[in-house]
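**Student:** The primary structure of each chain is shown beneath.
There are 4 protein chains.
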Amino acid sequence: MRVIKVKDYEEMSQVATQHLLGYMTRDGRQNISITGGTTPKRMYEILTPLVKDREEYQNIHFYNFDEIPYRNEDREGVTISGLRKLFLTPANISENNIHKLDQYNYTEHDNNIKADGGLDLVVLGLGWDAHFCGNLPGTTVFGDKTTKVECNQKMRERLLDEFDNNIEDVPDYYITMGPKSIMAAQNLIIIANGKRKAEAVKALIDGEIKQDLPATILTLHPNLTLIVDEEALSLVE
Amino acid sequence: MRVIKVKDYEEMSQVATQHLLGYMTRDGRQNISITGGTTPKRMYEILTPLVKDREEYQNIHFYNFDEIPYRNEDREGVTISGLRKLFLTPANISENNIHKLDQYNYTEHDNNIKADGGLDLVVLGLGWDAHFCGNLPGTTVFGDKTTKVECNQKMRERLLDEFDNNIEDVPDYYITMGPKSIMAAQNLIIIANGKRKAEAVKALIDGEIKQDLPATILTLHPNLTLIVDEEALSLVE
Amino acid sequence: MRVIKVKDYEEMSQVATQHLLGYMTRDGRQNISITGGTTPKRMYEILTPLVKDREEYQNIHFYNFDEIPYRNEDREGVTISGLRKLFLTPANISENNIHKLDQYNYTEHDNNIKADGGLDLVVLGLGWDAHFCGNLPGTTVFGDKTTKVECNQKMRERLLDEFDNNIEDVPDYYITMGPKSIMAAQNLIIIANGKRKAEAVKALIDGEIKQDLPATILTLHPNLTLIVDEEALSLVE
Amino acid sequence: MRVIKVKDYEEMSQVATQHLLGYMTRDGRQNISITGGTTPKRMYEILTPLVKDREEYQNIHFYNFDEIPYRNEDREGVTISGLRKLFLTPANISENNIHKLDQYNYTEHDNNIKADGGLDLVVLGLGWDAHFCGNLPGTTVFGDKTTKVECNQKMRERLLDEFDNNIEDVPDYYITMGPKSIMAAQNLIIIANGKRKAEAVKALIDGEIKQDLPATILTLHPNLTLIVDEEALSLVE
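Residue numbers (this note's numbering), protein chains in the order written: chain R, 1 to 237; chain C, 1 to 237; chain Z, 1 to 237; chain S, 1 to 237.
Where hints are given, some of them may not hold.
Note: identical chains are not told apart, hence a pair may lie in one copy or across any two.
[Stated by the list, open to error] Subject to a maximum C-alpha distance of 30 Å in a straight line, what follows is the list of computed DSS-like cross-link-like pairs (lysine-lysine):
#1 114 <-> 100
#2 85 <-> 154
#3 210 <-> 145
#4 195 <-> 52
#5 114 <-> 210
#6 148 <-> 7
#7 52 <-> 114
#8 148 <-> 52
#9 7 <-> 114
#10 5 <-> 154
#11 210 <-> 85
#12 114 <-> 202
#13 195 <-> 154
#14 114 <-> 5
#15 52 <-> 210
#16 202 <-> 52
#17 145 <-> 52
#18 154 <-> 114
No lab work stands behind these hints: they were computed from the structure.
Keep in mind that this is a model prediction, so the values were computed, not measured.
Taking the hints into account, I'd like the entire structure generated from these sequences.
**Tutor:** As structure tokens, then:
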């Protein structure tokens, strides 16, 4: 694991953008799975004007790595909708370059990625509880590939935020690439900032692998870069 | 994990030689950690005349990934001695290209490898109990780097074979690269043949990660090739 | 240019096979353009049993880099027919993995290769007059991509050999990838043996770039390996 | 050759910075040869705050690819002095990471680079006369490695600019990596902007290789990226 220390959220976003662009500027097709949520918001703000409508990025293909479908509506799920809002739509990425994972195709997702040549890069956020993608403590195990995770009532409440607190929209399950699917990518970047992530970052740097701290497994990847700010590092000596 | 099916020991040895040579024929320095024991015996027999005294392999550097020192004697340990006998001496590999891991330098081994540019390849055997290197069930955990493993009486008895059944030579500890050190290599090749390995091979292919089947962790590596014969595959549907 | 010195034709063939297999054992699609003629005959003899019907080579795609069509017959040309006889048929390579260059598609050949991801490797012979592919002195210039070369009477006589001395079959033109198309590949291997090649080999090693010694341009490629025997090296100090 | 079209000097500088950073963010040692002169001025302005004092760039090594020594003074030459002013000093690059080419070591330069693992990237400007590095029309030939170029009176006058119009400082020779040395790098980036470069850019895109338009040889490199603005493209249809 390569650890890149940054001062704060702004610097994390700048540095993460540079690393992500480092893959996007390569020649030939690049398959990149990108994270939604709040952590990468600024990164996408910096990235968008740099790549929007630029012909040379037409060989970059984007994948989402998890999805929370709406319960009763046949509309795009929370993850892909969020990625569209944060990046794919403002950057005007062609639909041909957007490869959606959802409840209809998840059993084929790993095979599809393999047929596309595999993932070159996954950019990941880190949960305060050391979850990554939809691999929350207690949901998947290290050997899982892309899978459906059943949601109990507690998990549904945790997901309320994603649905504007409308419990009727919260589904009984979500989809996620499992640890084995993420580890199969050639490169991983984790971004983490803020005190709320300090325990999870400490777990990664301590290096012990624990099933109930799912992201610790990623420290076994040969090409993992952690971009982390001072607050998130505050529990590390 | 890429699985390459071969008929028998001879074909496994031929194919493994081709894959190993695939790295050795690359230009520029290549750092390769190679396995001793009985499984690779024929592979080294095939390899030796192909590489002996050939100038173009002077950029290939070899590392051992575990070592069992002699208890009371200040001589080279079991692993490096075995590698010398099997390959390094008959192939006339220069001492400058042999990087020994032993009880004196193991705390620096991971850093030394990193300073050398990292391992490009590790060629591994697979134990009947799914051990790899010195990572036997109950000895190391997934987060371990290169480490010293204390041997209880049972383990010392298991090691008797390596010392011509001379219990006085069997040490109280051995050295091994841990799972984290091995996973840090860019490429892994596992060779496995014979019915005795069938349970371990089945565990790798089933894909569940279990601490008491240490090699299952290697299935999370993005560039793992398993070269396996029919007998070793006999428990897999 | 990396120069690998071998004793004789047999050793050249062995070493070239290892290098070619070094690319073929890589994971994922590999696009390889291979040479016909007499030089690689033994190489293909060694290679064929190693790759025939082996599932793991299904991701290897083969391309011919020149073609001499029959004058009045609608049958496959001299190059692809030769490659089939030497290697593609005995090795049982699937038609899906054979990408023919001929008089009907040559204007699209460079674009097709680019769409396929580019050539990973070209294995080339070397003419006594330092030609490579169909780039004979006086036919193409360094800036040419895949092109049609008109044949005058002298060239048609030179090609007689390829048509069992039947002048009626010899065409008025042939097709070849030009220097620019070959240089666009990521890796080049040249094999050369025998005294007849000594002048051409000397030109490559001297390193001067001359239009009338076409292969000298290849010495500017960043990843060129020359596998050459003692006789072919006999004019080099 | 990959052509990336940009609007103007500012956009060229932004895009070139992204591509350069794409190599600098890679893990492990990267050897990069960078251009001086006026073209990259803005690129270095953008780059400097992004890399200054950042620990993760300590594995990036910089090389100059030509040098014009002062005639009578034992001080650093024009190229390295310029690079220091433009980038190396403001970015606080360690002396350990600066590998100077000069009149004292140029005969060893190619071997030194090879021993360092080769150049991963060269960032080049393009002369209005299609020169690159010190390869001006009439000075070097395509087969040249790093060499000393004698300066006649006309050339000395051309170099006056570099010496604040002080003819006494202008030397009788300069040093440059030749075409063969530059082509040996794994990746090339050429930046070009403005109408003054339009003829040279047209020559690159037309693709004919001409000794008196030295940079045309670079179009034979398998990994060449040309970043070029609208004015510099104005002669290309």
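**Student:** Going through the earlier hints one by one, which of them does the structure break, listed in rising order?
**Tutor:** Per hint list: 6, 8, 10, 11, 15, 17, 18 violated.
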